[in-house]
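Sequence order for the protein chains is A and B. Each residue of the first sequence is one higher than the one before, starting from 273 at the first, in our numbering. Each residue of the second sequence is one higher than the one before, starting from 339 at the first, in our numbering.
If you're looking for bench data, these hints aren't it; they were derived computationally from the structure. A virtual CB, placed ideally from N, CA and C, is assigned to each residue, including glycine. Just to be clear, a hint being listed does not mean it is correct.
[Claimed, not checked] Computed beta-carbon distance windows for the label pairs:
no., chain 1, residue 1, chain 2, residue 2, range
1, B, 511, A, 413, 46 to 52 Å
2, B, 523, A, 280, 33 to 39 Å
3, B, 614, A, 459, 32 to 38 Å
4, A, 459, B, 652, 33 to 39 Å
5, A, 329, B, 417, 57 to 63 Å
6, B, 399, A, 413, 41 to 47 Å
7, B, 540, A, 292, 48 to 54 Å
8, B, 402, A, 290, 29 to 35 Å
[Claimed, not checked] Distance condition first, Cα-Cα at most 30 Å in a straight line; then the derived BS3-like pairs of lysine-lysine:
no., chain 1, residue 1, chain 2, residue 2
9, B, 567, A, 380
10, B, 567, B, 375
11, A, 459, B, 457
12, A, 380, B, 478
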Amino acid sequence: MTTAALPTLVALDIPNPPLAQRFQRGLADVGALTRRELLIWFRNPAFIFFTLIQPVMFVLLFRYVFGGAIPVNIRGGYVNFLMPGIIAQSAAFASFGTAISLARQLQKGVIDRFRAMPMARSAVLLGRLVADTLRVILTVVLILAVGYGVGFRFSNGVGPAILMCILSVLFGVAICTISGFVGLAIKDEESVGSFGLVWLFPLTFVSSAFVPVASMPGWLQAFAKNQPVTIVIDELRSLALGGPLVLHAWQSALWLAGIMAVFVPLAVRAYRQAG
Amino acid sequence: MTSPEWTGPAIFVEDVHKSFGEVQALRGIDLVVERGKVLGLLGPNGAGKTTAVKILTTLLRPDRGRALVEGRDVVRSPAAVREIIGLAGQAAAIQEELTGRENLDIMGRLYHLDEATRKRRTAELLERFDLSDAADRPTKGYSGGMQRRLDLALSLVAQPQVLFLDEPTTGLDPRSRLGMWDVIRELVSTGTSLLLTTQYLDEADELADEIVVIDHGQVIAAGTSQELKNRIGGDILEFAVVERERLGEAAEAVGTLSEADPVLDAETGRLSLRVGDGGSYALVETVRRLDHLGVRTEGLGVRRPSLDDVFLALTGHGAEEQETSPAHHRRATRSH
Numbered sequence: 273m274t275t276a277a278l279p280t281l282v283a284l285d286i287p288n289p290p291l292a293q294r295f296q297r298g299l300a301d302v303g304a305l306t307r308r309e310l311l312i313w314f315r316n317p318a319f320i321f322f323t324l325i326q327p328v329m330f331v332l333l334f335r336y337v338f339g340g341a342i343p344v345n346i347r348g349g350y351v352n353f354l355m356p357g358i359i360a361q362s363a364a365f366a367s368f369g370t371a372i373s374l375a376r377q378l379q380k381g382v383i384d385r386f387r388a389m390p391m392a393r394s395a396v397l398l399g400r401l402v403a404d405t406l407r408v409i410l411t412v413v414l415i416l417a418v419g420y421g422v423g424f425r426f427s428n429g430v431g432p433a434i435l436m437c438i439l440s441v442l443f444g445v446a447i448c449t450i451s452g453f454v455g456l457a458i459k460d461e462e463s464v465g466s467f468g469l470v471w472l473f474p475l476t477f478v479s480s481a482f483v484p485v486a487s488m489p490g491w492l493q494a495f496a497k498n499q500p501v502t503i504v505i506d507e508l509r510s511l512a513l514g515g516p517l518v519l520h521a522w523q524s525a526l527w528l529a530g531i532m533a534v535f536v537p538l539a540v541r542a543y544r545q546a547g
Numbered sequence: 339m340t341s342p343e344w345t346g347p348a349i350f351v352e353d354v355h356k357s358f359g360e361v362q363a364l365r366g367i368d369l370v371v372e373r374g375k376v377l378g379l380l381g382p383n384g385a386g387k388t389t390a391v392k393i394l395t396t397l398l399r400p401d402r403g404r405a406l407v408e409g410r411d412v413v414r415s416p417a418a419v420r421e422i423i424g425l426a427g428q429a430a431a432i433q434e435e436l437t438g439r440e441n442l443d444i445m446g447r448l449y450h451l452d453e454a455t456r457k458r459r460t461a462e463l464l465e466r467f468d469l470s471d472a473a474d475r476p477t478k479g480y481s482g483g484m485q486r487r488l489d490l491a492l493s494l495v496a497q498p499q500v501l502f503l504d505e506p507t508t509g510l511d512p513r514s515r516l517g518m519w520d521v522i523r524e525l526v527s528t529g530t531s532l533l534l535t536t537q538y539l540d541e542a543d544e545l546a547d548e549i550v551v552i553d554h555g556q557v558i559a560a561g562t563s564q565e566l567k568n569r570i571g572g573d574i575l576e577f578a579v580v581e582r583e584r585l586g587e588a589a590e591a592v593g594t595l596s597e598a599d600p601v602l603d604a605e606t607g608r609l610s611l612r613v614g615d616g617g618s619y620a621l622v623e624t625v626r627r628l629d630h631l632g633v634r635t636e637g638l639g640v641r642r643p644s645l646d647d648v649f650l651a652l653t654g655h656g657a658e659e660q661e662t663s664p665a666h667h668r669r670a671t672r673s674h
């Protein structure tokens, strides 16, 4: 096979489709991939467990087993203290699915296959993000329902209650971007499953989620008081039950914006380089 | 989407280089696949087959050189390339939680087909790849052969003009492999241009119109299966000695029958020797000399060369030699 025998081949010049058409197709791609992720999630017992069953177990455990031993100075008692914390913790743990499933898809080569198809490159990550947001919303709604069943009550009006739900979803989505980056960076489903997400434990447990920070030893308080999970949870509590809003509100917003500003580009970069 | 204005070959690759750090995966390869033809890209693990496919499917950018798919440059118009290609291989695109039908439906959505077209295409492909009965079961439970067939079906949802199959039967049991061959043959008869990578010589022999052999990132031979076999020139004499330790003795006895060196496999006691067009004479002589020495043989005969022989002659090592599976490990050594 000699190329010398062939006439010089001039490549076709094919213009890109108009922007409006690309945008419309991009939206359709995100829709299709969101649908795909949600279908996968519904069929996967492990993901269902992490996002739906485990949070309910936590609610019941802390409400009825540990709760009695944890004194809190709050109207309505421990259940009211607990719920905002457990909502944030569950929203964060829901990101397990994000990391594991991204790593798996990368490892299997699904993502390579997508990249060889005529779809927007951003669609894979965007589809994930939309699916994850829907997942986190479902988790939050479920926990609130269970919470109401075991005695939790909003006591600060409807508006702040809705804001609390929105903030907890945003928090969950922000954590999902970190997990997404971890999944794409480690690229190995088993490693992600076994140690890729250990950072979630100190972050959620060494916070004001389950116990008042003041009950921790001094050296630990320094971390617990100032880390983002505590700040967000304190804001969730203020929104649900009433309390000082302003300080925690802008701190929370800043943290969430900061997390996204760092991890969205990191995840996109890891996605581009992977494969 | 068609491109009637293009009259050149379906795939055209010119002097493509690709390195990963220090490793030179491709060191200037040329390929041409005419429309409607099948090119078998043959080589051992790590020869550069997958890198070539990744470049042609826009997953990697070449460091140097040019690659056109239906006249579309993979670097300058990757989006246009993606519109007209299909990629399948080791069942990578399948999502195991989803059913076969759902997998196909989502692929159809990603190719922007409307609902009616998706339904029709999905039913058609399930039928054609013999998956209708399993269509509504999660693909987790599919056999290896069924997964490969579904994977191939997924790559055909948008009726690509050029199809890339990356090692479509690697790891399959022999029966599923034959089934896969049938499916691929039928596909090719409908006029799709196909580039197929494989490390199996019989697969390339069976499916490809033309074969390109690559090793260490370079094309080392190209032509039809017949042309490659002719390059070896003539017949191959082959036998195994019953007492393995007498292999050297046998090699010495028949060595003078040919200018080529006998190829020995100490493990199996097998010897093969290229004997040109003097097959009958070599056979008679071998029987006489070995009988004289009292060396007992099994499976003595003269045969036409296989692609395995071609590979051995071209590279000095067997085609499947570098496979990791110990079952495939073979030690072909040359005597001097």
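| field | Hints that the structure is at odds with (numbers, increasing) | value | Violated hints (numbers, rising): 3, 5, 9 and 11; every other hint is consistent with the structure.
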